[in-house]
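**Student:** If you want the building blocks of each chain, they are given just below.
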Amino acid sequence: MTRPAFVFPVLVTLILVSLVTGVASLGEDGWWLVFVSRLPRTLAALLAGAGLAVAGVIMQMLARNPFVEPATAGTGQAAGLGLVAVTLLAPGAAIWLKMSAATTAALIGTAGFVALVRRLPTGDPLLVPLTGIVYGGILGAATTFLAYERDLLQYIDIWMSGEFSGVMLGRYEILWIGGALTVLAYLYADRFTIAGFGEETTRSLGLGYGQVVALGLVIVSVITAVTVVTVGMIPFVGLVVPNLVARMRGENLRETLPYVAVSGGVLVLACDIIGRVIRYPFEVPVGTVLGVLGAALFLWILHRGPRRG
Amino acid sequence: MDRLFSTLSVLFITVIVGYLTIDAKGHWDFVLAFRGAKLSALLTIAVAVAVSTVVFQTITANRILTPSIMGFDALYLFLQTALVFFLGGFGFASLNPFAKFGVETALMLVAALALFGVVLRNAKDLARMVLTGLILGVLLRSLTSLLNRMIDPNEFSVVQQASFARFSAIEAELTWISAAIVVACFLWLMARHRMLDVMALGRDTALSLGVSQDREVRRLLVVVALLVSVSTALVGPVIFFGLLVSALTYRIAGTWRHGVLLPVSALVSAITLVGAQTLFERVLGLQTSVSVVIEALGGVVFLILILRRRAR
Numbered sequence: 001m002t003r004p005a006f007v008f009p010v011l012v013t014l015i016l017v018s019l020v021t022g023v024a025s026l027g028e029d030g031w032w033l034v035f036v037s038r039l040p041r042t043l044a045a046l047l048a049g050a051g052l053a054v055a056g057v058i059m060q061m062l063a064r065n066p067f068v069e070p071a072t073a074g075t076g077q078a079a080g081l082g083l084v085a086v087t088l089l090a091p092g093a094a095i096w097l098k099m100s101a102a103t104t105a106a107l108i109g110t111a112g113f114v115a116l117v118r119r120l121p122t123g124d125p126l127l128v129p130l131t132g133i134v135y136g137g138i139l140g141a142a143t144t145f146l147a148y149e150r151d152l153l154q155y156i157d158i159w160m161s162g163e164f165s166g167v168m169l170g171r172y173e174i175l176w177i178g179g180a181l182t183v184l185a186y187l188y189a190d191r192f193t194i195a196g197f198g199e200e201t202t203r204s205l206g207l208g209y210g211q212v213v214a215l216g217l218v219i220v221s222v223i224t225a226v227t228v229v230t231v232g233m234i235p236f237v238g239l240v241v242p243n244l245v246a247r248m249r250g251e252n253l254r255e256t257l258p259y260v261a262v263s264g265g266v267l268v269l270a271c272d273i274i275g276r277v278i279r280y281p282f283e284v285p286v287g288t289v290l291g292v293l294g295a296a297l298f299l300w301i302l303h304r305g306p307r308r309g
Numbered sequence: 001m002d003r004l005f006s007t008l009s010v011l012f013i014t015v016i017v018g019y020l021t022i023d024a025k026g027h028w029d030f031v032l033a034f035r036g037a038k039l040s041a042l043l044t045i046a047v048a049v050a051v052s053t054v055v056f057q058t059i060t061a062n063r064i065l066t067p068s069i070m071g072f073d074a075l076y077l078f079l080q081t082a083l084v085f086f087l088g089g090f091g092f093a094s095l096n097p098f099a100k101f102g103v104e105t106a107l108m109l110v111a112a113l114a115l116f117g118v119v120l121r122n123a124k125d126l127a128r129m130v131l132t133g134l135i136l137g138v139l140l141r142s143l144t145s146l147l148n149r150m151i152d153p154n155e156f157s158v159v160q161q162a163s164f165a166r167f168s169a170i171e172a173e174l175t176w177i178s179a180a181i182v183v184a185c186f187l188w189l190m191a192r193h194r195m196l197d198v199m200a201l202g203r204d205t206a207l208s209l210g211v212s213q214d215r216e217v218r219r220l221l222v223v224v225a226l227l228v229s230v231s232t233a234l235v236g237p238v239i240f241f242g243l244l245v246s247a248l249t250y251r252i253a254g255t256w257r258h259g260v261l262l263p264v265s266a267l268v269s270a271i272t273l274v275g276a277q278t279l280f281e282r283v284l285g286l287q288t289s290v291s292v293v294i295e296a297l298g299g300v301v302f303l304i305l306i307l308r309r310r311a312r
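These protein sequence lines map, in sequence, to chains F and Y. Each residue of the first sequence is one higher than the last, beginning at 1 in this note's numbering. Each residue of the second sequence is one higher than the last, beginning at 1 in this note's numbering.
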C-alpha cells in the first residue's frame with residue numbers, strides 16, 4: 001500500500017464492472033443502454049468523487065485543518081438552502097439559475113464558516129470540524145424549516161441524499177464543470193500548498209493570500225453546488241480521501257492532487273456499485289453507503305491521530 | 001430560591017393553560033381530552049430530555065456533552081430497526097408493546113454501557129470525544145437507513161411507523177407507560193441528589209469522599225439510557241434540545257445543587273417545549289415541526305458555548 005499507483009488498475013476494473021452492473025441485461029440494445037445510462041452514470045460517479053475529494057483537500061489547506069470538507073463545513077447545506085430558496089421564489093427556474101443560486105449560497109456559507117473558524121483559537125484543531133458540523137446543522141435546520149412550511153420536504157430529501165440512479169445522458173453534464181475546476185485546481189496546486197502554511201508565510205513568499213483563498217473558496221463552492229444540484233450530497237469523500245492519500249504521499253498538492261482526484265472517483269464509484277448490488281434488484285443510494293463506510297473510516301482516522309507523511 | 005420556583009411555576013401554568021385553550025373550537029370536553037393526551041406526551045419528553053442531560057453532564061463533568069450529541073438517540077433507532085430486520089415485520093408487530101419496549105430498552109442499556117463506557121473512559125480530550133459522538137451518530141443513522149433499504153419494502157411501513165412520530169403526532173398508548181417510567185426515574189434521581197452533588201465535584205474528590213464512583217456512574221448511565229429510550233420512542237431523535245435546556249437551567253438556577261437543578265431543568269424544559277409548540281402551532285399558524293426550530297436554537301447555543309469556552 002506504500003505506492004498508491006495501484007488505484008489506476010482498480011479504476012479501470014471498476015469502470016468495467018460499473019458498465020455491466022444493473023437491472024437491465026446487456027442484450028441486443030446493449031450498446032444503446034451503455035451509452036445512454038451506464039456510461040453517464042459511471043462518469044457522473046467519477047466526476048463527483050474526484051471533484052469532492054479535490055474540494056476537500058483545498059478546504060483543508062485553507063482552513064489549515066485536516067478534518068474539514070464541504071459537507072462538514074456548511075458548504076453543502078448552504079447550497080441546499082440556496083436551492084430551496086430559488087425553488088420557493090421561482091418554482092420553474094431553469095437549471096442554470098438554480099445552479100447559480102446554489103453556488104452563490106455555497107460561497108456565502110463557506111465564507112461564513114471561514115470567518116467563524118478565524119474566531120476559534122488555534123489550540124485545539126478538532127474544534128474546527130465540530131463547529132463546522134453544528135454550523136451545517138443550523139443551515140440544514142433552516143432548509144428543513146422552509147421546506148416543511150411549503151411542503152417541499154420530500155423534494156429536498158431526494159435532493160440532499162446523494163444518488164446516481166437518476167443519472168442519464170443529458171442529466172449529468174453540468175458535472176463536467178466540476179471536472180474542469182479540478183484541472184484548474186491542479187494548475188494552482190502550488191499556491192494552495194503554500195497557502196496551507198498560513199497567511200504570513202504566503203505573504204512573505206510574495207503571494208496574495210486573499211486571492212488564493214478567494215480562488216479556493218470559489219472552486220470549493222462551485223464543485224459542491226454542481227454536485228448537490230445534479231446528484232445530491234455525498235458525505236465524507238472530501239474528508240477521508242485526502243487524509244488517506246496524505247498518509248501515503250505527504251501534502252505536496254502538485255504531486256498528490258491526481259491521486260486525490262482518482263481515489264475520490266474510485267471511492268464513489270465503488271460505493272455506487274456496492275449500492276447497486278447489495279439489495280439487488282433494488283438500489284441503495286450512494287450517500288447511505290458512504291455514510292456508513294465514510295463515517296467508519298473517519299472514526300478510524302480520528303483515533304489514529306493525524307500522522308502524516 | 002422560592003422566588004425562582006414560583007416564577008417558573010407561574011410561567012409553567014400559563015404555558016399549559018395557553019396550550020390547552022388558545023384557538024380551541026368545539027366542545028371543551030373533547031378538546032381538553034385530545035389536547036390533554038398530547039400535552040402529557042410533551043411533558044414526558046421534556047422531563048426525560050432535561051433530566052437525562054443534566055445527569056449526563058454531571059457524570060461526564062462537562063456542560064457541552066449531552067446523551068444525544070454522543071449518539072444515544074441514533075443508537076436507539078438503530079436497535080429498533082435492527083429488531084425489525086432480524087425479527088421480520090410480522091414478528092416485530094406481533095410483539096406485545098410492553099415486551100417490545102422492554103427488549104429495546106434492555107438492548108439499549110447493554111449497547112450504551114458497552115459503547116459509551118469505552119468512549120467516556122477517554123474523557124480527557126473533549127473535542128475528540130464530542131466529534132466521535134457526532135460521527136458515531138452519523139454512522140448509526142446511516143446504518144439505520146441502510147437497514148431500512150434492505151428490509152422488504154412491504155415491511156418497511158412497520159419500521160416507519162415504529163421509528164418515529166413528531167412532537168405533534170404521538171402515540172397515546174406509549175405515552176402512559178413512558179410517563180410512568182419518567183416519573184419513577186425522576187423520583188429516583190431526586191432521592192440521590194446529594195450523591196449527584198458529590199459526584200459533580202469530580203472523580204477524585206468523590207472517591208475520597210467515599211463514593212464508589214464507577215458503580216454509581218454505571219447505575220446513572222442506566223437511568224440516562226432509559227430516559228433517552230423513552231423520549232426517542234416518543235418523538236424520535238433530537239440533538240441539541242437537551243443542550244439548550246441545560247444551558248438555560250445552569251444560568252437560571254445559579255447553583256450546583258441537584259436538588260434544585262433537576263426540578264428547575266424539568267420546568268424550564270417543559271416551558272420551552274410546550275411554549276414553542278403553542279407559539280408555532282396556535283399563534284403563528286406554522287406547521288413546522290417544533291423540533292426543527294428548537295434544534296437550530298440549540299445549535300446556536302452550542303456554538304456560543306464553544307466560542308465562549310475558548311475565550312476564557
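Simulated from the structure, these hints should not be mistaken for laboratory data. Note that beta-carbon positions come from the ideal geometry of N, C-alpha and C, so glycine has one too. Each hint should be verified, as a subset may be incorrect.
Claimed, not checked - Selected chain F positions facing chain Y (in silico; Cβ < 7 Å):
id: 1; residue: G30
id: 2; residue: L127
id: 3; residue: T144
id: 4; residue: G166
id: 5; residue: I274
id: 6; residue: V277
id: 7; residue: R279
id: 8; residue: P281
**Student:** For the hint on G30 (chain F), just tell me whether its beta-carbon gets within less than 7 Å of chain Y.
**Tutor:** violated (28 Å)
**Student:** Is the hint on L127 (chain F) kept, meaning its closest Cβ partner in chain Y is under 7 Å away?
**Tutor:** holds (5 Å)
**Student:** Close enough to count: is the Cβ of G166 (chain F) nearer than 7 Å to one in chain Y?
**Tutor:** violated (16 Å)
**Student:** Let me know if the C-beta of I274 (chain F) comes in closer than 7 Å to any C-beta of chain Y, holds or violated.
**Tutor:** At 10 Å from the nearest chain Y Cβ, I274 (chain F) fails the 7 Å test, so the hint is violated.
**Student:** Minimum Cβ distance from P281 (chain F) to chain Y below 7 Å?
**Tutor:** Result: violated, 12 Å to nearest chain Y Cβ.
**Student:** Per the CB criterion, is R279 (chain F) less than 7 Å away from chain Y?
**Tutor:** holds (5 Å)
**Student:** The hint names T144 (chain F) as touching chain Y; please verify it with the least Cβ-Cβ distance against 7 Å.
**Tutor:** holds (5 Å)
**Student:** Holds or violated: the hint that V277 (chain F) contacts chain Y, with Cβ atoms closer than 7 Å.
**Tutor:** violated (12 Å)
Violated hints for the displayed structure, listed by number in ascending order: 1, 4, 5, 6, 8.
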